[in-house]
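Model the placement of chain C on the given structure of chain A, informed by the hints.
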Amino acid sequence: MTWNRIDVRRVLRFFVVVAAFAMIFLITPRYTYADESSCISCHTSTKKLLEVIREIEASNPKIEASTESEGEG
Amino acid sequence: MAPLEPYEKVYVDSDFLDEDEDVHGQISCEECHGGNPDADTMEEAHEGVKRDPTYPDATKSCGECHLDEGHPEIAEKNGTNLHISLSPFKKKIALRANPDSTVGDTIESAMGTHCMTCHSSCGQCHVSRPASVEGGLIEGHLFQKTPPVETNCTSCHGSRVGSEFHGGNEGIPADVHHLEGMDCKECHTGDEMHGSGHDHFDRYEVTNRAKCEDCHKSPGSEADEEAAKPREHPSHTIHQDKVSCQVCHSVSYKNCYNCHVGKDTAGMPYFKTDPSKMDFKIGLSSKISEKRPEEYVIVRHVPVSGSLFDFYVEDALTNVASEPTWKFATPHNIQLKTPQNESCLSCHGNNDLFLTEGDATSWEIKANEAVFVPLKPAPHVRHSWLEQPELHLAKVDCLTCHDPSHATPVEDCMQCHEANTILATDPDGSPDYSLTNWNFTNRELIDKDIYVVGSNTIPGLDLAGILIILLTFAGCAVHGTLRFLCRKRK
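These protein sequence lines map, in sequence, to chains A and C.
So the first sequence is residues 55 to 127, counted in our numbering.
So the second sequence is residues -12 to 477, counted in our numbering.
So that you can see chain A by itself, here it is in the shape it has in the complex (with noise of 0.2 Å):
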């Protein structure tokens, strides 16, 4: 039996499809659900965190600890 070109292109497309599969999954880490939720897209990105406090800080100044206090705690 000899293998005509068709054939060794279905099974090369075979192979890379799994081999892609392969990578999603071997390579990627496996994150869950959690991954998609925006505490996450906000909670893991410096960039969007920064914007995020910058705002609010101007906003809201930052409430300091009494400034009264003395000694030792």
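Derived by calculation from the structure, the hints in this document are not laboratory data.
All C-beta atoms in this analysis are idealised placements derived from N, C-alpha and C, irrespective of residue type, glycine included.
Treat the hints with care, since some could be wrong.
Output of the computed footprint for chain A on chain C, the stretches with three or more beta carbons under 8 Å from beta carbons of chain A [unchecked claim]:
| id | segment |
| --- | --- |
| 1 | -4 to 4 |
| 2 | 9 to 17 |
Sample of chain A residues lacking proximity to chain C, with all beta carbon distances greater than 10 Å (derived) [unchecked claim]:
| id | residue |
| --- | --- |
| 3 | Ile60 |
| 4 | Val62 |
| 5 | Arg63 |
| 6 | Val65 |
| 7 | Leu66 |
| 8 | Val70 |
| 9 | Ala73 |
| 10 | Ala74 |
| 11 | Ala76 |
| 12 | Met77 |
| 13 | Ser92 |
| 14 | Cys93 |
| 15 | Cys96 |
| 16 | Lys116 |
| 17 | Glu118 |
| 18 | Gly127 |
Leaving out everything else, chain C in the frame of chain A:
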């Protein structure tokens, strides 16, 4: 401890979401923290968010899994965890408080604003810094099995224990355990940190607390292990169960005075304490028990004062003098050699080391009556029955007469001043040892770090000396004789 930038406090490391790194990342955020991840705005998303879902009750957040699997032994007893309950705080203030219930309610409210904010929780040890030190996630929300020392242990226990242990007090060396590379968890195990299962009046009553004897076994203890460091010094035999370890092995530590709490014009809570003082005081134990039988212990001044809550209500602590202000303490600056263990007389007769009325302000005298040490006459007065007390104290080591292996000290002059003197025996009274032996040095005593009564007499050395002298004379005699016999007659 370096402060965190605001964004660092809430930054979540993406590794947290990797199951292999932290299984907690598989739980959705809102399941523990609440809030609404589907909201359109940040404000709506954070509505109802719990910053620390483990405080005050971790049953739902941690207990959901850890009660049945993981660490049920921790979850079950965690209600008695003093880091969370601060139970002794409340009980001790209650003892000093005005019995009027209205005043009591005000005190409770004030304590809630001030004292009780210094608590921890599962989350504030294993996930973030404690809220009392401005919080902030440690390691990007990755759960830490053992809380880091700097951010979580000494961030709260810093001004006293932390400074003592790490050598932060000027002129006072760090604790030998720290210098040996040990950190908090080496002594304070997870079992102790998560409570004992019982509600205690005092943290020193906690049954599974850290004890020196866990590693430093008593002589002859059945619990001796290979790794244990035995305590062979005769001082341990003499002082065991009478004097706490810290009395001999601790050095100056911090004492705090006169705390006041209130709120500033902006309504922010504040506290004020007088400057701390470094001091070292031995007092009587107010908590002698079967497990803590020592009569003499280290005492530390606590900052309580009658006017502590004056900002909120006057006469809040009408019974402030019902409890000592110098409290049982275990300073964390242990040293092998200290000024007070240099010799017996460094402590015995050194009245400056002992807590007396002179160390208390007028209102504190009544409070500390039970812990003041009644001073004893100076050693030379106590030994005045001897012919020459000063000479004996200067020339004779205390252990020669106060031999720990004997039930009573030597009081008969003839025990020393006779031919068969006890000075020629081993201080331990061991029958198989003689100070007149053939060994060349006292190494067998020195190696054990035990007291050497005096120089021993080495028969071998004596014999060698005599032989050298005899041989010298013999050589001279032979030389002279030969010269006489071989002389050339003129």
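Contradicted hints - numbers only | 13, 14, 15, 16, 17 and 18
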